[in-house]
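Can you make the complete structure from the sequences, with help from the hints?
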Amino acid sequence: MSTYQEFIQQNEDRDGVRFSWNLWPSSRLEATRLVVPVSCLFTPLKERPDLPPVQYEPVLCSRANCKAVLNPLCQVDFRAKVWACNFCFQRNPFPPSYAGISEVNQPAELMPQFSTIEYIVQRGPQTPLIFLYVVDTCLEEEDLQALKGSLQMSLSLLPPNALVGLITFGRMVQVHELSCEGIAKSYVFRGTKDLTSKQIQEMLGLMKPAATGPQGRPVAPQDAVASCRFLQPVHRVDMNLTDLLGELQRDPWPVPQGKRPLRSTGVALSVAVGLLEGTFPNTGARVMLFVGGPPTQGPGMVVGDELKTPIRSWHDIQKDNARHLKKATKFYEALANRSAANGHCIDIYACALDQTGLLEMKCLSNLTGGHIVMGDSFNTSLFTQTFQGVFSKDFNGDFRMAFGGVLEIKTSRELKVCGAIGPCVSLNSKAPCVSENEMGIGGTNQWKMCSLTPSSTLGIYLEVVNQHNAPIPQGGRGAIQFVTQYQHSNTQKRIRVTTITRNWADAQSQIQHIESSFDQEAAAVLMARLGVFRAESEEGPDVLRWLDRQLIRLCQKFGQYNKEDPTSFRLSESLSLYPQFMFHLRRSPFLQVFNNSPDESSYYRHHFTRQDLTQSLIMIQPILYSYSFHGPPEPVLLDSSSILPDRILLMDTFFQLVIYHGETIAQWQKAGYQEMPEYQNFKQLLKAPQDDANDILETRFPMPRYINTEHGGSQARFLLSKVNPSQTHNNLYAWGQESGAPILTDDVSLQVFMDHLKKLAVSSSA
Amino acid sequence: MNVNQHTPMAPPYGQPQPGYGQPGYGQPNYAPLDGGYPAPYAPHNGPASAYHPGIPQQGPARGPPTSGPPPVQAAPQYNQHSSGDIQNGPPPVTQAPPRPPASMQYNQGGVNMSAQQPSFPQHYGPPPTMHQVTNQMTGMHISSGPPTPAGPGYAPPPSSQPPTSSHYGGTPQPSYSQSHPPASSAPSQPPPSSAPAVSQQYYPSSAPPSQQPFNSLPPTSQQRFVSPVQPQQTFPPSSSSSYSGPAPPPTHTSSAPVTQPQQPFLPPQPPFSSAPSGQPPAFTAGPPPPTQGSFPLQAPPPSSQPGSFPPPGPPPSSVASGQYPSSMPPPPQQQPPQSQPPPFHPGPPPPQSQMPPTSIGQSNHQPPGPQGPPSPTGPLQQPPLQQGMPTGYPPQHNGAFGQVRSPQPGYGGPYPGQPNYGAPAPAPQAQKRLDPDAIPSPIQVIEDDKAKTNEPFTTGVRGQAPPLVTTNFQVKDQGNASPRFVRCTAYNMPCTADMAKQSQVPLAAVIKPLATLPPDETPPYVVDHGEGGPIRCNRCKAYMCPYMQFIEGGRRFQCSFCSCVTEVPPHYFQHLDHTGKRVDCYDRPELSLGSYEFLATVDYCKNNKIPQPPAFIFLIDVSYNAVKSGLVSIICQELKSLLDHLPRENPEIDSVIRVGFVTYNKVLHFYNVKASLAQPQMLVVSDVSDMFVPLLDGFLVNVNESRQVIESLLDQIPEMFADTRETETVFGPVIQAGLEALKAADCAGKLFVFHTSLPIAEAPGKLKNREDKKLIGTDKEKSLFQPQAGFYNNLAKECVTQGCCVDLFLFPNQYVDVATLGVVPVSTGGSIYKYTYFQAQSDQERFLNDLRRDIQKPVGFDAVMRVRTSTGIRATDFYGSFFMNNTTDVELAGLDCDKAITVEFKHDDKLSEETGALMQCAVLYTSCSGQRRLRIHNMAVNCCSQLADLYRNCETDTIINFLSKYAFRGVLNNPTKAVRDTLVNQCAQILACYRKNCASPSSAGQLILPECMKLLPVYLNCVLKSDVLLPGADVSLDDRAYLRQLISCMDVAETHVFFYPRLLPLVKLESGALPVAVRDSEERLSKGGVYLLETGLHLFLWVGASVQQELLLNIFGTPSFGQIDSSMTSLPVLENPFSQRLREIIESFRAQRSRYMKLVVVKQEDRAELMFKHFLVEDKSASGGASYVDFLCHMHKEIRQLLS
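As they're listed, the protein sequences go chains A and B.
Under our numbering, the residues of the first sequence are numbered -19 to 746, in order.
Under our numbering, the residues of the second sequence are numbered 411 to 1614, in order.
These aren't lab readings, by the way, just hints derived from the structure by calculation.
Treat each hint with caution, since some may be false.
[Claimed, not checked] To spell it out: a stretch of chain A is covered by chain B in this simulated footprint if at least three of its residues, at any positions, have a beta carbon under 8 Å from a beta carbon of chain B; those stretches are: (1) 131 to 140; (2) 165 to 176.
[What the hints assert, rightly or not] Label-pair distances were calculated between CB atoms; the ranges are: (3) B:Y935 with A:G226: 51 to 57 Å; (4) B:E1059 with A:G284: 43 to 49 Å; (5) B:G1040 with A:K239: 43 to 49 Å; (6) A:G284 with B:N1295: 32 to 38 Å.
All C-beta atoms, glycine included, are put in the ideal place defined by N, C-alpha and C.
As structure tokens, then:
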């Protein structure tokens, strides 16, 4: 099926879209029988160096509830200068500026290769980018110094006209005024008091004149000035801010023995959100929160300041023992929603050895499209490089970030939108194409993504609504249009329109075609997203059961087997890897909380629901490369049998990069062979995986944890926990193979999993 | 009665006058008067009578018992004194002088006895003429009760008295008489070899003065006032002297035996007696003379009155009348003295005159007479008036008369007509009215006291009244607290509650725990008792003090407050000597001194933690008003230099006090001035509803370490807010902020708040403008003095808990509700300063000087004061700037050297004459160096079973201090009219009680005042007329609230000058001495003169319209009245002695007061004169306050009502 693979690849490269099914079943009933819904992974801002934006407004369908954008699928009558909307079939005249079109003089949006096209539009005032640093000062001196360094460095990366602001917090929250000369001013808020947005703006002196002046004397219009006090163009306050950061001290309030420092993260965020809300509503802005520990007081408190009460664990949560969890979560959700409503995104950079409350705060980033970065310390390259990565630039020299994105989906009549899973919030737009059946964030055909990167990917879930008794004519095609409006990092407002189409197929007669159009990678990720989405609100085992059932049904539907004969079970090539993905997904930290703290789970899930397909797959099933003298580097099975003494393994789990030296290699290395001229090859062997790892490190965001370990090393657990435990202490001798490392676990191996799967799939009772 | 009550209208008194003349008081008074005159004098006897049943003939009465013994007793008494003299002799001598007046009285007594008759007759002789006058005078006679009281007081040995008197009379008189003329030359007295010398010395020098004062005053007052006080006073000195010498204790012991009979006197005497046994002999023989000096008072009164007076009786009355009459008509004034003189002269003449003190009334009259007769006096009187201060007598006379006469002669020209000023006493009225010169003159009393105070005041003798606050004197601590720390209303407390109730004399002490002492007095020693902390009584927890009795060879001590016996800790053990005193008694301040300090241990610290050094936080209003008036830059500029002068104990060391800065308008700005910063950082807190401190490190800093940052900050603050448009301010959060900062730093401290306007911004403690003039005079008026929000009371409580003292500087341009804003400062021991309509140019100096002083003055923090008393009395009420959580502990977040606390005592049992009444005031505080300390003040006073003793040992200034505080607190809960009535009532009762129980019977029409309370009416009138109790139309509610709070923590000296301003004529200024003040009345002002008036808050330079050009040139450097710039706040610096001296005087006045006084130049008949006239408190006030004369009449009427 190379054709399909090529087709899929081509579609992904051009439109950033991957569908679970590339032929769509033509009726609702059949669609549901396919188990995996018609859905897609869509990367709205996929980098397209080859796609220059056009400098004019898109042409819209004039039907009020359609407003689809003119696209290559539309029927165009060049003579009448009329085009028919391919979604609602409305006939629309071209605007006057299109008077000159003809079949040989077509605008770009009508050309098939421009199924994705980007418009630059002139709407509203251009506002510079806004970066608001919210910095925790309850850090160790070392960490604070490192963080200060990173922040100062980041100033040099910002465009000169970008507005920056600084809020620091510890026991108190300080909003620094950046405009003043001489005395450094800041507004201080108590860390324990929940303030409304209005109060915050009042206290910061941001209220509009109307609200002030009981004296009846009109106050000079100061809002411009006022807002500028806290958010100033980098080029104006560069020195100021650098000094200010330089003088930043650790939170001076004493921390008694046995206590955690009082950290008012909640209020700090509340102030940050309130500040932006009052000054730059509906403008792209980035709140960057740097925390070195959990919020310990005030609203949003995650844990008390008593060190003897540990921060909640999954165990506590399951036992309903986490006192602050619900309240804090509710608080941050409210903040996240406010922030999202105003188009401001919130990043969380949490560096601490213990948990920092990401579980409660995750929604801040999840709903606004912000980043979450988790590390052990600000004084690590993991943080510094990741933070630099935020400001990485694309081929045009623009930041790889966009703000205020709104994605709208239009579908042909046979399809409806069930929902989306990704870094977005619903805009509650009740268009006709919205399904009542919700999957993910549903009930709307528009979502807001306060911040986007070229890799931000949404899972979009659709529903075929065409009734079985109203067949679609042969050759009919369904279409979907993605309209993404956003503020480019160069402050331009842009609209990217992607229109894709797929053929309908009758599931009864063309089931093989449909099967072969199955994109098992996309399907695995899409199903995984659904599972993770469920896991946020359901108990872990329920989610696993649901996933298992889906898998079994899929196998029943597409497997070839004789009833009650597991050995006869076969899957076609287009589905062959799918069960394996599911196997690893079940073991992944996205669904398993064992051995993970709630913060880690939140962190992993956060990234899983926003990365593109390739990265997501790596997360589900890490990649394992083998380096040895036996041949060139090669990918090997993620299996304990791949762990051999004379191999160096490089595992990429997305979050971790593990280099594992086999037993023999480790001995050689200890003996220092690599230093000997005659063993240059060994030196090169050692270096090869490191080079490859570096390549990955440089491109990956966030930067993965880099682990260099060896056989028997304590850090080897990262590898051992990921590989398929084909050899365990239970079956070590039974297998009798020459090698491999036994894994001490009771987890089922892939083999066992598959056996069970086959058994269930062929069972008539399942 | 009504008169007083009519507050609003002037009529009260004004009308009364007419009323007095005939209707109300007049007729009845007059009638009796005439008839009564004899009586009036009788009164003199009366006192005696009081003591001894046989009123008139007391002499005899006493005689009998005493006569025989008397001499003996007298002798002993004298002996005692003499002994005292002897022991103290040398040292004490000096002190004795002050009392001499007493001796005078005695002399009189003496006079009565022996020479009396002759003298009296003479005296009286003249009086007849006076009678006529007196009639007109009406009932206003003020007879001097003193004699009697004195009698009783000392009387205890009533029997002895008569004899003594006789003795004295005989001997003393001569001696005095002689002595007087010779002035101090003791020659005459030689008789008493040993004592005499002393006595002579005393008398000569001191006595004369006293007499003179009396004389001078007397003329008017004499009849009315018998000065019982004097006797008492005399004693104290002697006693003090005794102490000064060796050790107080011994004296007591020794004294005991001898004195017993005389015990009443004893207290003082004991010291003396103990010393020389041999002296007695001396006394026996010579004693009389000495006694005269000292005792005369006691003995004389009784004896003299009975004996001598009775006969003269009639005449005296006449005399008295004579005086009045004299006063009546302007000219008479002069005459009276003259007329009187003759009488006296004739008699044993000179001596008597001197002696007169007892007969005061008479003597007073006499003095003039005597003066006249004695060539010296005569001349002296007139010329000296103002100038002659030097010698005891002449000067005094001068002073006394001087006032009276001087005006006439000197100013006379202009004045005679008085009508010039018109206001006070138009000629017509004069006839009906009392002569102002005839009524007790504060100036006279003050000058008398000054004159008789020549030696240091030693505190060793129990129950000895100190010199007046207006007198400069040195104090030597010999076991009781210096009067600079503690002053009592009565130094002889009634033994029983019944007596106290009967007399209505308030029993109170004004305590100024951290008072600054003059450089020549030693500040309290600091005692360290080691880890165990101060030694205390087990039961009542009183601290070790000189009153503790060590027993069982020194192994235990018995508490003299509660009688509990406590083990002496081993490390404190010391053997006793044969007298039962510890051997180390004089090495230990706590065993030999009245005031000292203990180092407190950690047990005395809050939370059992050694306190952190205190902090000063400056909170500056930077709203539009403050910036515009230049205030902000002035403060910032000044702070830069002031920060180098934070209080410290050792001038060599930098102050450990840390400082912090906050500015505010509607929001607060904190500043981080950490030394490591290049620039200060400002932290804005807008959440005023829930104040907190935004930073810890860097807010409170050491000045030296952060100097650069601080200076940079202070430079920038004015700039930063130069363009502010914010007019609203908050206030509650400002104090909260300071409080929180101190809490965070875990230290005590002081907030300096500079505030301009009513806090109307939305915040806790927000206030509304409630000034409503319509409420004044209604029952709701009191609400205006109460805080309008409970918020501040709670805040104050919190502040006190933390030891956060608040000083408030107000710069209002309109109503700011001082009553509410002041709650916190007042409750935390802070001060309020108010600069209404502040303008940089004219008020800057005053403000900055106040600020400097306020910042630099010694201060203690987080203080708790506890007053313990011996069984029988209890401290029941406290007045001042503080907070009380329970009924005993006075909590002061801050306590500075200017704060006084008035403590009222009530009986809860009987007191014993033997042990007297003890009080111990212990103040636990954190010094400005952060050390926890206890300051202890011990005070012992006598107790009496005779009311007369009480009346003889009172201090009017202190009583006024108490009454004013009492009244000013009263307005919080009562209509001001009710408060005024209460005051008048109480005063009337006090005086009526005296009249009834201590003064000899006399005509009801005669006003008899106790000597030491003769100024009570005039001072009380001043209190009644104060802005708080009787506001004029132009007095704002804020001003009243401000004054009310201000008075509450004033000490006696401050209340004195506040209520009775000092008015100095600037005629000739000599270095070293101030001109003698004149009375606060427009009549006393000469159109041709320049006067300086000082109230402790205000300073006026009044320039008469027809002032001499030379004066103008000297003072202003301008030749014409018209060219004087009345807006000047300081005098031009001119190179002439007069100008220099005047400026010196002004500076010295300012240095004396805790607040800087802005100089206001008032030109006669200028608009500003109205303000000035407000302070002429003897005149009728624009707001309806009575003139002194009218009030006296009114008081008299009240008393008579009570008596009938």
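Right, here's what the structure says about each hint:
1. With 0 residues carrying a beta carbon less than 8 Å from a beta carbon of chain B, the region 131 to 140 of chain A misses the three-residue requirement, and the given coverage is violated.
2. For the region 165 to 176 of chain A, the proposed coverage by chain B is satisfied: 8 residues have a C-beta within less than 8 Å of a C-beta in that chain, meeting the threshold of three.
3. Take B:Y935 and A:G226: their Cβ atoms lie about 53 Å apart, and the range 51 to 57 Å holds.
4. At roughly 45 Å, the beta carbons of B:E1059 and A:G284 sit within the given window of 43 to 49 Å.
5. Restraint check, B:G1040 to A:K239: a C-beta distance of roughly 48 Å satisfies the suggested window 43 to 49 Å.
6. Evaluation of the 32 to 38 Å hint for A:G284 and B:N1295 yields a pass: the beta carbon distance comes to about 33 Å.
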